[in-house]
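J.: Based on the hints, put chain B in the right spot on chain A.
Sequences listed follow chains A and B, in order.
Residue numbers are given in the working numbering: position 34 of the first sequence equals residue 34, and the series is strictly consecutive.
Residue numbers are given in the working numbering: position 32 of the second sequence equals residue 32, and the series is strictly consecutive.
No lab work stands behind these hints, which were simulated from the structure alone.
No experiment lies behind these values; they were computed from the predicted model shown.
Built from N, CA and C at the ideal position, the CB exists for glycine as well.
Some clues are possibly wrong.
Facing chain A, according to a computed beta carbon distance under 8 angstroms, are these residues of chain B, among others [to be verified]:
{"no.": "1", "residue": "Y177"}
{"no.": "2", "residue": "A230"}
{"no.": "3", "residue": "T280"}
{"no.": "4", "residue": "L284"}
Some chain A residues well away from chain B (every beta-carbon gap over 12 angstroms; in silico) [stated by the list, open to error]:
{"no.": "5", "residue": "S2"}
{"no.": "6", "residue": "G5"}
{"no.": "7", "residue": "V83"}
20 angstroms max Cα-Cα, derived EDC-like pairs, lysine to aspartate or glutamate [as the list claims (entries may be wrong)]:
{"no.": "8", "chain 1": "B", "residue 1": "K146", "chain 2": "B", "residue 2": "E103"}
{"no.": "9", "chain 1": "B", "residue 1": "K146", "chain 2": "B", "residue 2": "D25"}
{"no.": "10", "chain 1": "B", "residue 1": "K146", "chain 2": "A", "residue 2": "D97"}
{"no.": "11", "chain 1": "B", "residue 1": "K146", "chain 2": "B", "residue 2": "E196"}
{"no.": "12", "chain 1": "B", "residue 1": "K33", "chain 2": "B", "residue 2": "E103"}
{"no.": "13", "chain 1": "B", "residue 1": "K146", "chain 2": "A", "residue 2": "E56"}
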Amino acid sequence: MSLVGPLLLATFLFCVGIYGVIARRNAVLVLMSVELMLNAVNINLVAFQNLLFPAEAAVSGHLFALFIIAVAAAEVGVGLAIVLNLFRTRATVNVDDVDLMRW
Amino acid sequence: MLIDWVAIAPEIALTITALIVLGADLSLRGEAKQLVNPLAVVGTLVAIGFTLYLWGDERSTFAGQFVINDYAVLFKLLFLGSLLAILGISWRFFAEGRYFQGEYYFLLLTSFIGMLLLPSARDLILLFIALETVSIPAFVMAGLRKRDLYSSEAAMKFFLIGVLSVALMLFGMSMVYGFTGTTELAGIAEAVGEGESVPLLLASVMLIFVGFGFKISAVPFHFWAPDTYAGSPMPVAAMLAVASKAAGFAGLIAVAFIAFEPLADVWAPVLGVLAIVTMTVGNLFALQQRDVIRLLAYSSVAQAGYILVPFGLAQSGHLAVNDAAIQAVLFYLVAYAVMNIGAFGVAIAVNRRTGMRSISDYAGLSQRSPLLALAFTTFLISLGGAPPTVGLWAKYWILRAVAVDITPFGIALAVFLIINSVIAFFYYLRVIRTMWMDDAPAGLPALQPGFNLSVVVVVLMFGTVLLGVLPGLAGNFADVVTLAGG
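Here chain B stands alone, though its shape is the one from the complex:
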């Protein structure tokens, strides 16, 4: 079998980088260990170069299990961009903490290799391997601060719920294999479309969704999210909240819109209801949080609910609706990555040296560091979805997908989306008010976010506003995406 090496060049580049990082960590001593971060950045840039080269290409290798199309390339660029931003906000955090820098960057890169595989995977086996490649390093990263009670607790909860949901997902996959006799997504779609939809098959589909529901922290499987985000090192929390969630959505799109597209009339209402419950529960819990990271965690649960809304609109065989839904998910994920990594970046900057993390600690941030306060305000407003930020357009794209084919259920989803956006503003604005209206307590050390973190936060802030003013920049790309299949 011939292997199309160009198609898997980004993954190979990242793999080699991960190995170099591990080797460099072995050979470097003391302060020099910090150099692994720039090494990882260079490797990521190389991978981005290869990915850009693949833009507009249609390739398929490994007997059709691995495909390259604009949809996959767009997702890969999203992941690699998030990786760059996370590397930027990680440097000072891990260099000063002095714990396991080489291991952290190695695990981070490994996790992202799995993410790069996910949007290209067209086979249940590859999907499963890619998902585990994302998860297993993440379990370790969550527990990276070995002597910290909270960190080991975070890893424990994350791990137990993670392996349980994967086991449920695998049981579903094995039943689907028994029904269809193949693990290829296209083959499954064919077999499912021909046969009758027996209840056991539908149950298997739901079991598979459980596995992805855990990754995106949809509501019945979200219990790990706030504890894990709060306990793990903050850059890891940013990675879990953004990249790992986007990976879950990439897998969910592949399973839902390619393999089980003929059953859309069954699973769409289920995922729609899940979306409503997820956003409502996430927002209501976020209202009561006093810790910024936990607030961001519950807000990310709510955001997962918004991103699930387009799945609730899917209709079997209705290409226009399904394409609009996939585009809305993709655009929202891009917007979400920009604003949420930025918000975590500011949280890391404030937390640095002082360890402050409750909302009241943000009092007077506007006097201590106007730039960070402005950036945090932009990100929070964008998460809420107000102009002139990208968050508004992200929600607009979802509503646009609703409007393609107006159904009562679609309208209900849109209404819940809007009500929840209003609730969300309550807690986002509370943080903003604390930052700008309250006085800073005296005697606090000056904020020194560090060069890398400042650059990342400023770039993301401009990105949030720029995409808000000119949504076409990302929107045109998303428009190209017609089908996840192929």
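Chain A with its partners taken away, still in its complex shape:
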């Protein structure tokens, strides 16, 4: 299997994620876009491991991907808690409305 397919997919997902972070104003959607970026990283790692370095004894690519999945779950947990708290205090999850402090 060629490496081009997985890498293209990963790059596409990563770009979609970046676009989402920049364009979306809803905090939950921004969070989802970041998750897309993290999944692009996982595809990268697994593709490299399987197609480029299948003989590597430490399987560090697969391990790295597993760790990223676990940490991403923790990040989302904390992030949703913060968003929920923000919604309770301000009744909005729009990141543009969160502007009490400037400069």
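T.: For chain B alone, kept in the frame of chain A given last:
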């Protein structure tokens, strides 16, 4: 695989302390909840004991992913010392606020476990895990005052920029893995040194620097810093400004000087320019601040710029320059921790009960509390870098690193460093003038900083002056550090 338990003893001690703190918070009620603070202090002292035992030792465990050498031990002592000071300035603040004491101390200790791992990590995976262990509790701590609008806003901004920069960093790491086939820093250095430096690899390196640039609040990624410092509880701001920044530098040293050392000729100019921009922008924004915490926040951005200067000097394969650069960073971080935690301590003392935080509220502090005013003056002068304080020597060490191998770019960095120090004095001295020359408004309650906070502030004040008079105390330690590698 055999695990060298002695090598990870400080981390284990801190982990057990964190769990005990969490359990104690569950079982204690009401006023007794304050006891979690002394518990955390005892655990920290135990961890310091284990770390001191490791001094002068060379160990390596987890298949070389985790190493102990003098460099790592020095960083760990810096973190644990900061933890002690932050615990000291936190006690009254959280005991009186009555919010989530047990949770706060648990999160604080967890965050510091990640910091202890960072200078020892010799693998991209461990670096990433350690960095996230520092960050994720910090996100929660920033939003700890749940009903405070500013606190939730601080947490929100911190979190969004944090996860974005981590995602960028991870993408860079995955590309580096694709190029080199390993996640070990030494292995990466070997593979990078042999292969050609393709543009995509260089871009990946820059992406990895983004992640650390966020942690140290270097300029394009500094937007969260002032808002988060101002909105989060003040001891958390002190922790973010000092310990979390030092952790970012520990990671940056590992990545820059071990993994990508062969590419130093490419990244050194980039980080050098970043240093210039960071200090200039930080200082110019600090000039316009009216809130003390925001002033300290922008000043900490500027300080991050100073600490980045030695990175701009790095040369591939030039050991003398690289060692001098690492030593300068380490010495500056020690000095910065001493003076900046102290400054935040005074800000907490003034803020207590009255909630005052703008610079004009510091008018006449010399009459209300001469000790605090003297301490704040010492810290600000030291942040500016004037004798007889440690701040002067910290800048001197950077200039010494510049002088090891004089290049035009190094001279440019030194010139910007000096110009910016002068600009910085303008706003530091403005606060000092307000404290000593202006009269205090009538009818203010007396300042009661509390025993712990006073002890911490006085110790740090003496530390600032003592290290300024006898810089060898910390300098000799830093001199021992020859290489972050191993």
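J.: A separate judgement is required for each hint: does it hold in the structure or not?
T.: Hints versus structure:
no.	hint	in the structure
1	Y177	holds (6 angstroms)
2	A230	holds (6 angstroms)
3	T280	violated (16 angstroms)
4	L284	violated (11 angstroms)
5	S2	holds (14 angstroms)
6	G5	holds (14 angstroms)
7	V83	violated (7 angstroms)
8	B:K146 with B:E103	holds (13 angstroms)
9	B:K146 with B:D25	holds (19 angstroms)
10	B:K146 with A:D97	holds (18 angstroms)
11	B:K146 with B:E196	violated (51 angstroms)
12	B:K33 with B:E103	holds (11 angstroms)
13	B:K146 with A:E56	violated (47 angstroms)
Checked against the numbered hints listed earlier, the structure breaks hints 3, 4, 7, 11 and 13; every other hint is satisfied.
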